[in-house]
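Chemist: In case you want the letters, here they are:
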Amino acid sequence: MSEKYKNKTLAEIINIEQAKNLLNKNLRKGDRGLLDYRDIKIETGTIKKAFGSATVNLGDTVVVAGVNFELGTPFIDTPNNAILLVEGEILPTASVEAEAGPPDEHEIEISRVIDRGIRESGMINFEKYVIIPGETVIKIFVDFNIINDDGNIIDAANLAAVAALATAEIPKVEYIREHIDEVNNINIKEIPRESFKVEEIPIANTIGIFDGKVLVDPDAAEEEVVDTLITFTHLSTGEICSVQLLKGGLTYEEVFKTLDVAYQKNLELREILKNNGISL
Amino acid sequence: MSEKYKNKTLAEIINIEQAKNLLNKNLRKGDRGLLDYRDIKIETGTIKKAFGSATVNLGDTVVVAGVNFELGTPFIDTPNNAILLVEGEILPTASVEAEAGPPDEHEIEISRVIDRGIRESGMINFEKYVIIPGETVIKIFVDFNIINDDGNIIDAANLAAVAALATAEIPKVEYIREHIDEVNNINIKEIPRESFKVEEIPIANTIGIFDGKVLVDPDAAEEEVVDTLITFTHLSTGEICSVQLLKGGLTYEEVFKTLDVAYQKNLELREILKNNGISL
Amino acid sequence: MSEKYKNKTLAEIINIEQAKNLLNKNLRKGDRGLLDYRDIKIETGTIKKAFGSATVNLGDTVVVAGVNFELGTPFIDTPNNAILLVEGEILPTASVEAEAGPPDEHEIEISRVIDRGIRESGMINFEKYVIIPGETVIKIFVDFNIINDDGNIIDAANLAAVAALATAEIPKVEYIREHIDEVNNINIKEIPRESFKVEEIPIANTIGIFDGKVLVDPDAAEEEVVDTLITFTHLSTGEICSVQLLKGGLTYEEVFKTLDVAYQKNLELREILKNNGISL
Amino acid sequence: MSNNFKRIDGRTPDQLRPYKIRAGILKNADGSAEIKLGKNWIVVGVYGPKEHFPKFEALQDRAILFCRYHMAPYSTTERKSPKPSRREIELSKVIRSALEEAVILERFPEMSIDIYIEVLQAEGSTRVASITAASVALAEAGIPMKDMVVGCSAGKVNGKIVLDIGETEDKEGEADLPIAIMPNLKKVVLLQMDGKLTHEEFKEAFEMALKGALELYEEQKRALKDLIEKMKELEGESNE
Amino acid sequence: MSNNFKRIDGRTPDQLRPYKIRAGILKNADGSAEIKLGKNWIVVGVYGPKEHFPKFEALQDRAILFCRYHMAPYSTTERKSPKPSRREIELSKVIRSALEEAVILERFPEMSIDIYIEVLQAEGSTRVASITAASVALAEAGIPMKDMVVGCSAGKVNGKIVLDIGETEDKEGEADLPIAIMPNLKKVVLLQMDGKLTHEEFKEAFEMALKGALELYEEQKRALKDLIEKMKELEGESNE
Amino acid sequence: MSNNFKRIDGRTPDQLRPYKIRAGILKNADGSAEIKLGKNWIVVGVYGPKEHFPKFEALQDRAILFCRYHMAPYSTTERKSPKPSRREIELSKVIRSALEEAVILERFPEMSIDIYIEVLQAEGSTRVASITAASVALAEAGIPMKDMVVGCSAGKVNGKIVLDIGETEDKEGEADLPIAIMPNLKKVVLLQMDGKLTHEEFKEAFEMALKGALELYEEQKRALKDLIEKMKELEGESNE
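Chains as they are written, first to last, in our numbering: chain F, 558 to 837; chain S, 558 to 837; chain H, 558 to 837; chain V, 1373 to 1612; chain W, 1373 to 1612; chain X, 1373 to 1612.
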């Protein structure tokens, strides 16, 4: 057996070979076109304990995201900014390969790509959530978990993170300011809340290249066989706010070809979010 | 050789086989009855550097416990409570199996069983050791170490922890309150002390079941051959404050049978503590 | 192949055998005498981002050291003292054996030997860099990295650390005291600086013994073949401020024989530092 | 027991929170299940039996059961660090120990079976809910077991023995008693308690928890039956 | 583009910072290189190809490329803990991924090649400078490659697209676009972006970065030629 | 040296603190010993020689000596985290290095010998007390040694050279010089110093520490003789 199948189960190997055969004929599992996303289901408020949450199904990929707020000290070089922490884990339930334990480079890369999309897009007005400059600000935690991994984690996790943030409720900053003296004794979950208004919605689209053919939303088997994987994150203005070449290389022309496809697809996902009540 | 002896030394295997043969005849090493504890020796004040300490020998099992006090910040959800931290390690001197390094699940389970006994019993009046609510409280460290492991660590470590706490001296809370401004510069070991009055004494008794027979205080070899190990912790009032099924299963009737034995034996250990000057 | 060469490359084995053959004839690579150091090159200010820095070449051993200052809380038992932290790593670029990852016992020993030399020598006036006793003091970080390891890391790293400290500039303590209210928002790199005046210069000299012969400045191959390695650190007054037997044993007479050689060689290195503008 | 006694969430003393178990919810796992019990939401994935790695750690006469109980950062009132806490390590151990009593490990020498429990939302009594779901996931994976394992808790709140302790009841109550049993073999395989109970109260709580466990055992069976029927349907469809 | 536009450090928009690459700077490594780009000072050491350890992790059909990007504690404005940060782990991955496209790993089954990148001083665009130096170090180690890999960044600062983003420009600018290419195969092997760019700006920045990379490619070749000549000299000397 | 000079604890300059060594104190270890020196209380357990694991790390021509010096959380004035500190890692190394000079490791190829040193109470000069006890534990385990290893410290306190530095003297004194020797082979195997000493003071302190070590060597022998006699007695009893 070829070495490239090391650590793969037989079922996975069959899936991978099948994906390759189909792509060679410009086909995909379930009669999907090269530029079609799988079914997307977005449900918000799935975790009542969090300030915001969402569960996203992208085909058989399942992601849960939760948003939490805490009080903390700002970084010394940005005393007037709230703090954002985005951390994702691929749970060991997600696949045979997924392992328990501290995040590996794959999980760190995914988290950081989604972090950059949220951070650079202007989605969050960081200056709004400062209680006392240089002393106390709101720490925004976005945690997401991959429950089942059938590929294209980034697009799914980005949708979940964005939906959780856009539907979150935040403890009233004004209330915290007024009660700052008791702040050590305040349970932040019991503070009156208001809607967490996001100012932009970044959309991540991951594009694959297989033998020169461009395709979107690769599933787990396709991720193994494509030569190239690249993610573009777009704003509602059409601007790009983040790019990440995840795998392989591409020609100069392919950079712009994949960018164009990503842009088109970002409009599509944006529409799906809107249909779920999430828009600017 | 059978797989169940993996990682065992020859001497251990002989001990285990012997324990099994004896128990089959309702006998134990050293003519011990099924419901007899081994010899217990309790010595307090063995570590002069600690605020409280005790060394306990239970047969060949040896445990040292030390109590320390520090100042710290209370947990946000219990601003009016002192903090208790119970941490135990089985030192690598204790047996061939014992390993150096961060606590494994066995050490964590033992520590948490003893922690719950102390915490739930009401032994410590947590509200008494608050310096400034929500800001500064006393942190109570109970550290114990197994020096030699011949079984029934929990009962021995619980006796050591309880004896160390009951004979500890604590820095005077009143003194700390008066000198709170200099508190960063105070060496807590130099503050005048008073007796640390405990309000209850929890006693842990571990019961084994071998082929339907109930026995107490299993030694290391017996721990390997019994089907079931369960610990009950009792208060001086006769109430139960903690239970932990450590190994195997038991019938519904056996739950109450072992509970009754544990209760009887708790009275016995309580008497031994009293003979060592430790009582309410 | 003999077991002592386990984990060595062929090139290293050849070097080691060669070193042994030469030392047997009282010779060393490059016509070096037993009591000769290899060429020493000291360059300061090589890291502009640090408050002080130096790069030292000792033969083919290359070390970079950087000094940084931060504000921090003093240790509770020394409220009137600045804090010194010396940490060194042998980078994985340094040799086949060098590994990435947290410092191993070898790196920790080296760091602690250099730390003790700096700390015990009185080089730094720790009381001078206290902003508010018991509350805020300056933390002095001395970080050094071995870029290439051809032996005698301690002497080279000590020279680099000493040169970096002696040429460092420190944020003005007076300025920080005056602006203490804004201290959380101060970028320490932007505070006006003054020269960091050192009050002593400790010099480390590592001596080897091969078959009863004393030699200085062992290279990597020689370190493998000598029976004994010992480091003495001297002050400008001729006093010893640190000793560390690194490898092997030595007779009572050899202790004093190696001490005398170290003393002589400390004068030589002191002169080289002086020629580089570093002296008291 | 006065019948008009009401609990903080309106339940009667011997009433379980609303519950629902679903089997076969994860595509990649060999077996999986989800339990919702009040606001608890727990997902379990089972992988195995598969060759144990590294080989020298494998056992020649039976499989190794691995179990991880883990809480998501957003599952609790205060955000939980994703790093395993001492509590999670203890619970992983007692859950594994309970399931080891049921799984016929001797059937799979040199192998390992991995059970991953992910608490997505926690609202008290998660350890026993986890066992209940894990047992269903093992069954779906086709792992032979002597009996199902099903867990439930009881406790004492405001002086009263009550079933299926919720989060607030756990914090403010006087005692918590989680148990897990093999319902047909009538054996207790998990038993913990903390708080204060007299022997009589302990007995009352124990028996109440038993009753709750038996109710949840019916739900386990229902969930597995549901799955079998759904699979038959799918088969039927693909045969059409 | 107005020609009299000046950047914070006096550069024109399409001007690289002063640069210098040296090959063969470490005695013990199989290959090594140093790059200075502005105040960036980066050292790379390559060890291998060598037998992979532990053996069971080795690949039968190709070598494993290991890459560590690491910053010295004194390399940054605020002291950096020597423990690898999440950022360093991500950069190690994208740099390795880029170099894997060039190195002919199939030539060395069962082996590994280790690339250690040590950032001694950081002043923006370290990832692309690291790749540029690593490629030279691999060449010196005699590792066969399909093409050199060379990196450069562009970005948007004060509304203007500029080449080779420095540290202050990165912090205060609107966007950063680091790329790495194989200059002869005309392939992009590293591509990241963060900030805000229209598609037009992205194109302009991408093309500017390409141009910068090609300039640095010349410096890579010069550094390797220099080394070869120095080695010939030394050989000549030893033959005298 | 003025004879009426008194130290903080009333000792004369060349006087050891009260000491006592006991061999064979742990039931499970292959060898063990306990030392009390002033308030120092240190327990040592030796396991081995035993097959080294994992096998590929074993040495074909000798045993591997492992040594861990570890302080209990309650052993020090401020509570010590149980995690090994940098100091503990350094001391583990220098103690192992000292004992490696004495143990005839070539006798046990492919094996390992583990020495676990647990400082239960610390009051200065623990490293040399540890070596002294470890050497006795190795002897009890029947490990062949070229010579015993025995340690002692000297130092300078209030301008005076004194023997066996206690904790307060270490903190307030001018210098600390711990040494360990093989008393019959007359070799130094551990030597450290920190503080400030002239060459003359160093010599004086070194020689004083030597004398102290020789006194403790007698105690080592006494402890081993005691143990042998106790074992003979026990044997006698069991033969009766």
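Treat the hints with care, as some may be off.
Claimed, not checked - Now the stretches of chain V that chain S is said to cover, found in silico as 3 or more residues with beta-carbon under 8 Å:
id, stretch
1, 1402–1414
2, 1514–1528
3, 1552–1562
4, 1581–1595
To be verified - Listing some non-contacts, in silico: residues in chain X with all C-beta distances to chain H over 10 Å:
id, residue
5, ARG1383
6, LEU1388
7, ALA1470
Unchecked claim - Which stretches of chain H does chain W cover? Using the computed rule of at least three CB atoms under 8 Å from a CB of chain W, they are:
id, stretch
8, 607–621
9, 824–831
Please keep in mind that the hints were generated in silico from the structure rather than gathered at the bench.
By construction, the Cβ of each residue, glycine as well, lies at the ideal position given by its N, Cα and C atoms.
Chemist: All hints are to be evaluated individually against the structure, with a verdict given for each.
Modeler: Verification of the supplied hints:
1. 1402–1414: violated (count 0)
2. 1514–1528: Contact hint for the stretch 1514–1528 of chain V vs chain S: violated, 0 residues under 8 Å.
3. 1552–1562: holds (count 6)
4. 1581–1595: With 1 residues close enough to chain S, the hint is violated.
5. ARG1383: Answer for ARG1383 of chain X: holds, closest chain H Cβ roughly 24 Å.
6. LEU1388: 20 Å, holds
7. ALA1470: 8 Å, violated
8. 607–621: Satisfied; 5 residues make the cut.
9. 824–831: That given contact is violated, which follows from only 0 residues of the stretch 824–831 of chain H lying within Cβ reach (below 8 Å) of chain W.
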